[in-house]
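There are 2 protein chains.
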Amino acid sequence: MDQPQIKISTAANVALIKYWGKTSSEMNMPAVPSLSIGMEDLRTETIIRFSNTDDILHGSFNPKQKDRILGYLGETKKRYHVTRKLSIDTRNNFPSSTGLASSASGFAALAIGLNSFLDLGLSDEDISRLARRGSGSSARSVFGGYVEMLAGKDSFARPLMSAKSWPLDIIVMITDEKEKKVSSSEAMEISRRSSPFYSAWVDSHAEDFDGARQAILKKDFWELAKFSERNCLKMHATIMTSGPAIMYWNSATLAIIRHVNKIRESGTNVFFTIDAGPQVKLICDPGDTEKIVKEFEPINGIARKIITRVGGTPKIETRK
Amino acid sequence: MDQPQIKISTAANVALIKYWGKTSSEMNMPAVPSLSIGMEDLRTETIIRFSNTDDILHGSFNPKQKDRILGYLGETKKRYHVTRKLSIDTRNNFPSSTGLASSASGFAALAIGLNSFLDLGLSDEDISRLARRGSGSSARSVFGGYVEMLAGKDSFARPLMSAKSWPLDIIVMITDEKEKKVSSSEAMEISRRSSPFYSAWVDSHAEDFDGARQAILKKDFWELAKFSERNCLKMHATIMTSGPAIMYWNSATLAIIRHVNKIRESGTNVFFTIDAGPQVKLICDPGDTEKIVKEFEPINGIARKIITRVGGTPKIETRK
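So the sequence lines, in the order shown, correspond to chains A and B. For what it's worth, the working numbering labels the leading residue of the first sequence as 1, then goes sequentially. For what it's worth, the working numbering labels the leading residue of the second sequence as 1, then goes sequentially.
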């Protein structure tokens, strides 16, 4: 007889309104609400099986993450009184630890998979909370489309609007495939402790969040662009004023930002956002994607482009 | 008989602790204290003569500045009850309106020149105040070496330490010779009105100023580097979080910042600062200048380098 197993596919997401800063590190309690879109084709595929030996882990994750993932597995099992040993096989179809939210899709896959495989019977809200304990942004990857995440105690994410209500494309411009030197978690903590702008970041966040949220519900592209870019620049400004300064951007990151401003002047609907890394995501109307990709051909330093769309609903692919 | 005339040479300066934000636009009252070094070889040369016609202006300044300079001249004459007509000829030996402080050296030349030519009998403090009315940072170009400028009502600059007490070199890396789109004065006002980080910028400034000031007096290169870079990044973070966002950096600006961090890891004494433009100034020990210039040869996008040193004492070159 085949061993029981489950195979889950979850998508990375990109925050249009950023999660940056925690009120509790241990619990991954976000200091600010956030708002993201699932990236349909940037996916983690995770297979969970029972195992005869201690919990084992295979896959394409960053080796430094091994203890973090196994620790999470251990804690989750303990919390739900699971005594059986597990084997986890997890793979990303995009570069890990480069600021493309591989931990978001990774921990969402684990939370969804463990709930289903072990019949934990959790609500969506509780699955999102469970994912959050692995990585704050993974609370959002439990859902597809437009997703919002609340701040504060034991926070969780919830769907705001479906992907098909407002189809937009995402052009992921990878400017550096190397692993970033400072992880998001470390950088958040350094910012919180040392940036003189951190309080102003937190205090001025609600306006961006509310503005972007309304813009999504109204499908107002330029309003969303305005709040999203502003929030992105505020996050990076907070990061670069930390002590020591952390600079996630490289020269291609900046060349892309400047080029977005330039082609926008000629009337193309496009805006940028950048998570904690040097990669830039462009958001645009699907009808303009091809034209925009062409317009970026002369820009140096773009190692790779991934073209995808808002989506990313998790899938339980096989269960036996 | 020759017409009486005076020829003044003044140097641009670069702020290590930035002046950004005004409490009064009309009077150029700085919201924060600043600290600068004179750049010995980036100079404005200005000749003042009496004239038979209305005040006239020749030179290499940016044409948009003409009204500003003539307005300044008119106000100064009115304030000191000067009725004779003047001819002003002013030339910079470096690119104007690109973030290299041409208005600093320009208005300092006018203030020093007018005081001397018209026998106004002003103290150094009052000459500095007079220069400030033309451009805030020009209050500092009235002196050479290490100069500090106080904040607040009717503020002025004063020498902190002579250039020869601590000889340092300045490598000016020009990454864009085009005139900047948003002037410093406009950008300051936009920041003050709209950046959610502006208050934190002002509130956290004294620590940088005091730290850099002490570092200069102790000739502690790394302390000065730390406070100076932090303050520079804070200023640009405030600028880029304005609404609309203002981005003075280009991709070469960022490539230079990253390269400074890289070569510093191998032990070279060098730090960067960037005024309101895309140009980067590197500060280093004179013994390392040649080596550093070589290390930057592979970096793309540096249109021109000017190598100079801390100095910039104004000179009255001829008077007849």
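One or more of the hints may lead you astray.
It does not matter which identical chain is used: a pair holds within one copy or between any two.
[Stated by the list, open to error] 25 Å max Cα-Cα, derived DSS-like pairs, lysine-lysine:
1) Lys164 / Lys181
2) Lys153 / Lys315
3) Lys153 / Lys291
4) Lys262 / Lys178
5) Lys320 / Lys7
6) Lys7 / Lys218
7) Lys64 / Lys262
By construction, these hints were calculated from the structure, which means they are not laboratory data. Fair warning: this is a prediction, and the values are worked out from it, not measured in the lab.
For each hint, the structure was consulted:
no.	hint	in the structure
1	Lys164 / Lys181	neither (37 Å within a copy, 40 Å between copies)
2	Lys153 / Lys315	neither (28 Å within a copy, 65 Å between copies)
3	Lys153 / Lys291	neither (44 Å within a copy, 54 Å between copies)
4	Lys262 / Lys178	between (28 Å within a copy, 16 Å between copies)
5	Lys320 / Lys7	within (9 Å within a copy, 91 Å between copies)
6	Lys7 / Lys218	neither (36 Å within a copy, 64 Å between copies)
7	Lys64 / Lys262	between (40 Å within a copy, 24 Å between copies)
Consistency note: the structure conflicts with the earlier hints numbered 1, 2, 3 and 6.
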